[in-house]
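**Student:** Start from the sequences, fold in the hints, and give me the full structure.
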Amino acid sequence: MENIDLIDKVTYEAETCTGCRSCELACSFHHAKHFQRGISSIMITPFKNSLNNAITFYRESAANRIACDMCKGLEKPICLIFCPATFREELEKLLKAHLSAPRDGVPQL
Amino acid sequence: MAFPNYSLEREGEMTKRDIYSYAGMILRVNLGDGSFIYEPTAKYAREWLGGSGTAQWILYNEVKPWVAPYDPANRLIFSVGPLTGTLAPGGSRMSGDSINAMTNGVGSSNIDSFFAGQLKAAGFDHIILQGRARKPVYLWIDDDHIEIKDASHLWGLTTWETADAIRAELGDEKEIFTISIGPAGENLVRGSCIIQHKGRAMGRCGLGGVMGSKNLKAVAVRGSGAIEVADPNRFMEAVLKMKESYPKSKTAILYEKLGIPGITPGKQEQCGFPYKNFQDLTLPEDHYEAINYEKFVNKYQVRVQGYPACPMPCSRHFRISDGNYAGLETEGFWFEQFANFCGKLAVADTRFAAKMNAYCNQLGLDIDLPSGSIAWAMECFQRGLLTQEDTGGIKIEWGDANAVLELTRMIAYREGFGAILAEGCAKAAEILGRGSDYYAMHVKGQDLYEVMRPAIAWALGSCVSTRGGGHTTGAPVSETIAAIDQEKAFEVLGVRTANDPLVYEGKAQMVSYFEGLHRLGNALGICHFTTSWLDIAFQGFPEMAELYSAATGWETSAEDLKRATKKIFNVEKAFNVRRTNLGRKDDYPPPRVLNEPIPSGKYAGFHPTRENWDKLLDEYYEMNRWDKKTSFPTRECLEDLNLKQIADDLEKIGKLGRS
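In order, the protein sequence lines correspond to chains A and B.
All letters in the first sequence, in the order written, are residues 1 to 109 by my numbering.
All letters in the second sequence, in the order written, are residues 110 to 768 by my numbering.
Hint data in this document are derived by calculation from the structure and do not stem from the laboratory.
Mixed in with the good hints, there may be bad ones.
Below, simulated DSS-like cross-link-like pairs (lysine-lysine); rule was C-alpha separation at most 27 Å, straight line [stated by the list, open to error]:
#	chain 1	residue 1	chain 2	residue 2
1	B	Lys737	B	Lys761
2	B	Lys536	B	Lys173
3	A	Lys93	B	Lys350
4	B	Lys307	A	Lys48
Examples of chain B residues lying across from chain A (beta carbon under 8 Å, computed) [as the list claims (entries may be wrong)]:
#	residue
5	Lys283
6	Leu363
7	Glu365
The beta carbon of each residue, even a glycine, is placed where N, CA and C say it ideally should be.
**Tutor:** Next comes the structure, spelled out in structure tokens:
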């Protein structure tokens, strides 16, 4: 199995993310029509043991992960539909940002 | 420990693939000898829906009437529902069910959690725990790897320390979630609870002590599997349609902005604070000013916390930056913490509510237990029924934050006077005597936070609750919300009195509706706040029937679901009737509610009377087809629900209701 650490992904600190992880479920539904966090292109984790969360976007399909395709074919990315209103705008910005971020970079906002 | 390779195919039972939206398996663990087996969820799913519904049926059948809460033969069942772990609004719910350590009857308590989704992804709808481990252990479920692990080194730790220690030990800080007990559960404190990770309590019913009696410190889970729904497109369509109702709701907007304690001004206006053990229901002006919640949020909130599939995250993370509790970081809370600690115990400091919430979570104590029994003790102190001689030198006076913290610690460790308070106010009053039972604010032995004087349906729902008190098993919230959609309320509830807190008309019918709706949420794995309990426009029976049908592929109508919840409800009732001497006499509010007019505020002068309550109970029992004299279910009621076995059981012990 490929080493997940070497996959092309990009991580942001997300101060106001509520950490509900609904986006992960939504993303897996987009890709596979079922609910399974582990395959999602988006992942929410605690940010460096702080109270804040970090968001990772997978940009390459490997291991179990499926690359983010910006929900091709849908009106808007499904993660945005299920993201709580308090964070939705921020997530939209990050979604756009990750498209142009360098490989394996950890961009600061 | 070796995993017994129990193949379902070998047994000729239904396999996982025959059933959609459920995980498919039940894990049954005998802690006594460390053995475990799989059972198919399908055995129960269609009839009992899942979650708490299935768990209650298993308890009725497997726990014999003579078994006590802390006996090894008692079962402790953790359950998720068919909609848990999906994107159905509020689908993050799990349930803990067992004998209630406070009442000896129905025990059921549920939470939104991350644990639930992980458990389901690991492949399990229920964990049935029975027997008692010889030494402290914890259960580790990593998909199909099941292990009973030594917990000697965790015994004595708080729930927060336990969550951290287990994650460190198992080497995953992200995906492993725990439910654990703290010192209170270990010490068999009657009102101890189970905590998910570091917040979210399966609070009432004393399940923490049941877990402690089994020597089970924690359950840790990580799951990677998929949850498949039968018709993905139909399911998603139903979810998206349902989601439209939330942004339009005033309640949802308030919750998003401030969290649930945002209702504080409304509660103050509507006589909703249990000030000084419910003596008054409105806070004095200066006290109210001192606990301004909006200021608290603006000053200490770090961020909002949501749970999977929640359309309106209501929890918060706080960092207290000044005062006695500076440095405290904790996940935030509901109105109940404010009502209990700033109201019932009269401590005029919002930071104290945060501190006590965190402290109770760490110790694994239901917040209603210390606040209930300490409020009772404070009032006894006020009236001279209790002195420093009884308490080992501690003065128990209104608003004394330090005394409350010390007593809470003594409760959790059952030290000195704390051992009496640990039993809850009802039993503590029985131990003390001296007429102190008048000041014990409880239903069926379980401490109350529910204010019962202005809101009749809220009071009725709390009083007739099978688990004893509590407002999440049938008590409607709409009575004290000024602006509700009357037409929609009439359409859903069939009454025109949904927000009139002083009238009796229509209230039995409202309670009956919400008793069903809550059981549906608990069975399917849906958070109450996303249902028509909170806002009449939110999902109710028809919407959840559509979600359930699409998810399982079993075409199910709103009527089918209503009937299923009626069944679950009657199983709970029969569990109480068979095991305890609870009956009509236990469906009354505490004497204070029936005797003392509200002293001040909007509803000053009002209180429900015994005569009116009698009539209300008659109407309610008749609606349920229960015996008006005893409150026991009748044969007609049970047989119509296909529960003949229960009718026979009750007849055998002479406790079948007469029609």
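**Student:** Can the hint on B:Lys283 be confirmed by a CB-to-CB distance to chain A that is less than 8 Å?
**Tutor:** At 5 Å from the nearest chain A Cβ, B:Lys283 passes the 8 Å test, so the hint holds.
**Student:** Regarding the hint that B:Glu365 lies at the interface with chain A, is the smallest CB-CB distance below 8 Å?
**Tutor:** 6 Å, holds
**Student:** CA of B:Lys307 to CA of A:Lys48, is that 27 Å or under?
**Tutor:** 17 Å, holds
**Student:** Are the Cα atoms of A:Lys93 and B:Lys350 separated by 27 Å or less?
**Tutor:** 26 Å, holds
**Student:** The hint names B:Leu363 as touching chain A; please verify it with the least Cβ-Cβ distance against 8 Å.
**Tutor:** 13 Å, violated
**Student:** Compare the distance between the alpha carbons of B:Lys737 and B:Lys761 with 27 Å, and conclude whether the hinted pair is satisfied.
**Tutor:** 20 Å, holds
**Student:** Taken at face value, is the distance from the CA of B:Lys173 to the CA of B:Lys536 at most 27 Å?
**Tutor:** Holds, because 24 Å separates the two Cα atoms, which is no more than 27 Å.
Checked against the numbered hints above, the structure breaks only hint 6 and satisfies the rest.
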